[in-house]
Amino acid sequence: MTRRLMEGSEAMAEAAIVAGCRFFAGYPMTPFTEVLESFAEKLPEAGGVCINAESELEAVGMAWGALATGARAATGSTGQGLSLMQESLSEITRAELPLVVFHMARGQGDYFQATRGGGHGDYRQIVLAPADVREAVELTQLAFDLADRWRNPVHIYGDFLLAHTSEAVSVEPLSFDPLPPKGWAVDGSLGGTGRSRNINPIGMQKGVKGIEPESFWKRLQAKHDAMAEREARVDTEQVEDAEVVVVAFGSLARTARYVVRELRREGQRVGLVRPVTLWPFPAEAVAQAAAGARCVAVLEQNAGQMIDDVRLAVLGAAPVAAIGGISSDDAGFGVGPIFDPDNVRRRVESALSNEVAA
Amino acid sequence: MSQDRLPVLPTDAPPSEPARLLGRFKPKLLLHEDHDLCPGCGEPVAIRLLLDVVEELGCAKSCIGVVGIGCYTAFTSAMDVDLVQALHGRAPSVATGAKRMQPDKLIFTLQGDGDMVNEGLQEVIHTAARGESLTCVLINNGVFGETGGHMTSTTVLGQRTKNSLEGRDAAYHGHPILIGDMLAPLGGTAYVARGSVHDAASVVKTKNMLRRAFEAQLEGRGFSFVEILTMCPTGWFVPTAEGPGYLDSVLGAVHATGELKNAERLVTTAELLAAAESAAGERGD
Amino acid sequence: MSVVESRGTVTIETARCKGCELCIPACPPGVLGMSSQRNELGYAYPELVPGCTGCGACLLVCPDFCFEVYQYETPVAHEVGS
Numbered sequence: 001m002t003r004r005l006m007e008g009s010e011a012m013a014e015a016a017i018v019a020g021c022r023f024f025a026g027y028p029m030t031p032f033t034e035v036l037e038s039f040a041e042k043l044p045e046a047g048g049v050c051i052n053a054e055s056e057l058e059a060v061g062m063a064w065g066a067l068a069t070g071a072r073a074a075t076g077s078t079g080q081g082l083s084l085m086q087e088s089l090s091e092i093t094r095a096e097l098p099l100v101v102f103h104m105a106r107g108q109g110d111y112f113q114a115t116r117g118g119g120h121g122d123y124r125q126i127v128l129a130p131a132d133v134r135e136a137v138e139l140t141q142l143a144f145d146l147a148d149r150w151r152n153p154v155h156i157y158g159d160f161l162l163a164h165t166s167e168a169v170s171v172e173p174l175s176f177d178p179l180p181p182k183g184w185a186v187d188g189s190l191g192g193t194g195r196s197r198n199i200n201p202i203g204m205q206k207g208v209k210g211i212e213p214e215s216f217w218k219r220l221q222a223k224h225d226a227m228a229e230r231e232a233r234v235d236t237e238q239v240e241d242a243e244v245v246v247v248a249f250g251s252l253a254r255t256a257r258y259v260v261r262e263l264r265r266e267g268q269r270v271g272l273v274r275p276v277t278l279w280p281f282p283a284e285a286v287a288q289a290a291a292g293a294r295c296v297a298v299l300e301q302n303a304g305q306m307i308d309d310v311r312l313a314v315l316g317a318a319p320v321a322a323i324g325g326i327s328s329d330d331a332g333f334g335v336g337p338i339f340d341p342d343n344v345r346r347r348v349e350s351a352l353s354n355e356v357a358a
Numbered sequence: 359m360s361q362d363r364l365p366v367l368p369t370d371a372p373p374s375e376p377a378r379l380l381g382r383f384k385p386k387l388l389l390h391e392d393h394d395l396c397p398g399c400g401e402p403v404a405i406r407l408l409l410d411v412v413e414e415l416g417c418a419k420s421c422i423g424v425v426g427i428g429c430y431t432a433f434t435s436a437m438d439v440d441l442v443q444a445l446h447g448r449a450p451s452v453a454t455g456a457k458r459m460q461p462d463k464l465i466f467t468l469q470g471d472g473d474m475v476n477e478g479l480q481e482v483i484h485t486a487a488r489g490e491s492l493t494c495v496l497i498n499n500g501v502f503g504e505t506g507g508h509m510t511s512t513t514v515l516g517q518r519t520k521n522s523l524e525g526r527d528a529a530y531h532g533h534p535i536l537i538g539d540m541l542a543p544l545g546g547t548a549y550v551a552r553g554s555v556h557d558a559a560s561v562v563k564t565k566n567m568l569r570r571a572f573e574a575q576l577e578g579r580g581f582s583f584v585e586i587l588t589m590c591p592t593g594w595f596v597p598t599a600e601g602p603g604y605l606d607s608v609l610g611a612v613h614a615t616g617e618l619k620n621a622e623r624l625v626t627t628a629e630l631l632a633a634a635e636s637a638a639g640e641r642g643d
Numbered sequence: 644m645s646v647v648e649s650r651g652t653v654t655i656e657t658a659r660c661k662g663c664e665l666c667i668p669a670c671p672p673g674v675l676g677m678s679s680q681r682n683e684l685g686y687a688y689p690e691l692v693p694g695c696t697g698c699g700a701c702l703l704v705c706p707d708f709c710f711e712v713y714q715y716e717t718p719v720a721h722e723v724g725s
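Residue numbers (the numbering used here), protein chains in the order written: chain P, 1 to 358; chain G, 359 to 643; chain F, 644 to 725.
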């Protein structure tokens, strides 16, 4: 188990390839660019294909085509590029294709985009939010498994820090339960049999004129409800007797974890709930932690997005306060002062001393 | 000879006299003939050719079609080849991803003009420039048929559509795009042609174009493209029977038929038009 | 009485016809004409008179797959009235 010093972008690309990803298409955009570079370098060596697509729309389209043939495929971008892909992301979900999306966001302001989706119609995608490179290596492999298991896109929510921080990691293949073969994938073989395939997002069936949208959408809804029930993941620390429960995700949760442990050593009763899946949101864990707390302090680097989900989970059982906010670097890439432990500590302390409005 | 004096012959069953079947009702790769496209629509005629050529090349079991969005999308339930449905304009990128993962398969796109030349202009140009080993098939009727007959990038000047009721005007609406002329000069393209289905002779020529395009893909010579002008009497506001004439004299006068690129040979639509005019002149048309 | 030869013939699925009339001008010997009757869809449909050559042009241009085309082993002679 040799560990190498690897930048997040590179580690995630390697983890994807170890998980069997053989197709990637992307368009360069900070802070996602190095993910594309890593795939461009590593995929051909692994017998795969990486295309520098001419636009984000074409990138997701190319991944769509690769997925349709049964390959493990991915794309990615940052928030702006994902904005362009929204129609395709919602339709790929309805076509039940297992796309993995590497979202290297410019901070945490894309939480709504990732969890609600900016596309049309009822659709859901699992969103995984690694806190560091080591976790990203595991969650990347989990993403490909979940995507295939549910035949649904899975979104990895990273950011500038995750993509550009180097850590000593080893990219070891994780093992997962076996998956059924992809008989639905197109390879031409059913041509002329009367049972040829049509991978489509509206439930069209070969040999049948017309569609039944209502029953098709309801079936998808049932699948998404099952995903919501079974796939929430969360990491909680020292919440059992906590007066203040901090809720944070991703790179910011990494800082929050450090601060919570430091405050605990000083005798403060503070805990942390770290959603690992942003969707399904681990509402139960948040509600449990909130019971008996004086304040649920939501620490996120944006104008207030995850706090909606926290409030829904807590349902008034405890006051919910926003202790995060907008915080950026001079280029707008989301590397703001809020990631500094002293900055986070001040915010958590203000919740501890009742200085925050709920 | 006046038709009135000739007896109507029975045509409700195969002949009782010994006879050889020359042509079946439908292509082998079409599951059912009934469709809800308009009377006189050219799209089913073009789709018949596509399916016939796939089958004649022996590629039924090694073929993947990527279909765009338009009236023709309804045919996907009847086309008995493996298919992927793409979004409006986005078939070329989907086909690219599929071909890169299944390079030994014959992969084509089937798209209308609104789909390919409006929404998807960027996609087809980039795919051609990349020289993807694909065949993109454009069925061009100069309108957005499915939404009711609106102007597209291929609508010709003077053509009346639902949102150019006085006829397309260059100053207000701009000029049509001749997509074949944009694709043919690109380094990655091996074969670019424009055909039509307004009469039997055109249908035969167009079928040959499709065959040459697929052969270019199968032989690994690069990107191939066949545009097929099809009738849309509904979108053109003409009686059904006038569809073929309108296609030939209105669309065909701008989007001239012929091969634009075949290996090293490259011509423009303008040159095809000039050649057609001088041929007509020689015949004394 | 004169004789008109048919070298071929067609089967026409009139129930499917949408009366587009594209086959009429497409037929080189001009042996197709639209019926005065209507099918269940409400459309007139093509009828065949003697003189078919079995060229298949009608099949090629029909958008509704209404034609099947045959070539007789021996041309069939039709006696036609004056």
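In case anyone wonders, no lab produced these hints; they're calculated from the structure.
Glycine residues also receive a C-beta, built at the ideal position from the N, C-alpha and C atoms.
One thing to keep in mind: the hints can contain errors.
As the list claims (entries may be wrong) - Only part of the chain G face toward chain F is listed, based on derived beta-carbon distances under 7 Å:
hint : residue
1    : Leu367
2    : Leu379
3    : Pro543
4    : Thr598
Unchecked claim - In silico DSS-like links for lysine-lysine, alpha-carbon gap of 30 Å or less:
hint : chain 1 : residue 1 : chain 2 : residue 2
5    : P       : Lys223    : P       : Lys209
6    : P       : Lys182    : G       : Lys563
7    : P       : Lys223    : P       : Lys206
8    : P       : Lys209    : G       : Lys520
9    : G       : Lys386    : P       : Lys209
10   : G       : Lys386    : P       : Lys206
11   : G       : Lys386    : P       : Lys223
12   : G       : Lys419    : P       : Lys182
13   : P       : Lys223    : P       : Lys182
14   : G       : Lys419    : P       : Lys206
Hint check results:
1. Leu367: Holds, because the Cβ-Cβ distance from G:Leu367 to chain F comes to roughly 5 Å (cut-off 7 Å).
2. Leu379: Nearest chain F Cβ about 6 Å off; hint holds.
3. Pro543: violated (32 Å)
4. Thr598: This hint holds: G:Thr598 lies near chain F, its Cβ roughly 5 Å from the closest one there, short of 7 Å.
5. P:Lys223 <-> P:Lys209: Roughly 25 Å separates the two Cα atoms, so the pair holds.
6. P:Lys182 <-> G:Lys563: Distance of about 40 Å is beyond 30 Å: violated.
7. P:Lys223 <-> P:Lys206: Holds. P:Lys223 to P:Lys206 sits at ~23 Å (cutoff 30 Å).
8. P:Lys209 <-> G:Lys520: holds (28 Å)
9. G:Lys386 <-> P:Lys209: With Cα atoms ~18 Å apart, G:Lys386 and P:Lys209 stay inside 30 Å; holds.
10. G:Lys386 <-> P:Lys206: Satisfied, since the Cα-Cα distance of roughly 15 Å is no more than 30 Å.
11. G:Lys386 <-> P:Lys223: violated (37 Å)
12. G:Lys419 <-> P:Lys182: It holds: about 17 Å lies between the C-alpha atoms, which stays within 30 Å.
13. P:Lys223 <-> P:Lys182: holds (18 Å)
14. G:Lys419 <-> P:Lys206: The hint holds at about 16 Å.
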